[in-house]
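Q: Residues per chain are reported as follows:
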Amino acid sequence: NAGVTQTPKFQVLKTGQSMTLQCAQDMNHNSMYWYRQDPGMGLRLIYYSASEGTTDKGEVPNGYNVSRLNKREFSLRLESAAPSQTSVYFCASSRMEGAGELFFGEGSRLTVL
Amino acid sequence: AQSVAQPEDQVNVAEGNPLTVKCTYSVSGNPYLFWYVQYPNRGLQFLLKYITGDNLVKGSYGFEAEFNKSQTSFHLKKPSALVSDSALYFCAVRDSGNTPLVFGKGTRLSVIA
Numbered sequence: 001n002a003g004v005t006q007t008p009k010f011q012v013l014k015t016g017q018s019m020t021l022q023c024a025q026d027m028n029h030n031s032m033y034w035y036r037q038d039p040g041m042g043l044r045l046i047y048y049s050a051s052e053g054t055t056d057k058g059e060v061p062n063g064y065n066v067s068r069l070n071k072r073e074f075s076l077r078l079e080s081a082a083p084s085q086t087s088v089y090f091c092a093s094s095r096m097e098g099a100g101e102l103f104f105g106e107g108s109r110l111t112v113l
Numbered sequence: 114a115q116s117v118a119q120p121e122d123q124v125n126v127a128e129g130n131p132l133t134v135k136c137t138y139s140v141s142g143n144p145y146l147f148w149y150v151q152y153p154n155r156g157l158q159f160l161l162k163y164i165t166g167d168n169l170v171k172g173s174y175g176f177e178a179e180f181n182k183s184q185t186s187f188h189l190k191k192p193s194a195l196v197s198d199s200a201l202y203f204c205a206v207r208d209s210g211n212t213p214l215v216f217g218k219g220t221r222l223s224v225i226a
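Same order as they appear, the protein sequences are chains A and B.
Just so you know, we're using the working numbering here: the first sequence kicks off at 1 and counts up by one.
Just so you know, we're using the working numbering here: the second sequence kicks off at 114 and counts up by one.
Keep in mind that the hints were calculated from the coordinates and are not lab data.
Be careful, since some hints might not be right.
For each label pair, taking beta carbons as the anchor points, the in silico distance ranges come out as [unchecked claim]:
(1) A:26 <-> B:209: 36 to 42 Å
(2) A:38 <-> B:125: 21 to 27 Å
(3) B:175 <-> A:84: 17 to 23 Å
(4) B:208 <-> A:14: 38 to 44 Å
(5) A:63 <-> B:122: 23 to 29 Å
Here a beta-carbon is modelled for each residue, glycine too, at the ideal position from N, C-alpha and C.
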């Protein structure tokens, strides 16, 4: 099993450009999450989707949008990238909202110049 | 709202010695507690969790953690550290409702040969 797959792994953007981070899981999990990891800040939740058809804001949603395309896929979009969005982004999934452990992708490293 | 504190940014231990990585938490009601490990340039991997039951939880790679309700702590331990245990460790918590995991800022463990 591939688990949680994120694309792209690396991306460099200029301020104001847009992009979408893709995430797919093959574990038939109901819930999916987007976190960002910054030095000294740990992981902070951006958005999550408890089940197909629902999305909710996390701790740091400003500047991001998400789409739960189907049960497998959960994308994160930056409409107008800013240098403050330079980070490593992790997608994760779990069997049900909150109850089980999270399974993480390998991360997407984004640099905004 | 739930929160997690990992009071040490860095823990250094000699190979073969016992190790402890500290975590304290704050939640309303009963906590669900997790430990994750992150190796360089990788996603987070699940180590162990406490939901209910025995206060001493055993997990992957010889790690264990002790839940202490009165001290609101969930410290990660291992009797004999290995160099390969060197990594970034995250404690996470959520309440027993349907809320996403909240992560601590992480503790970097360095095991010296």
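Q: Give me the numbers of the hints this structure contradicts, sorted from smallest to largest.
A: Those not satisfied are hints 1 and 3.
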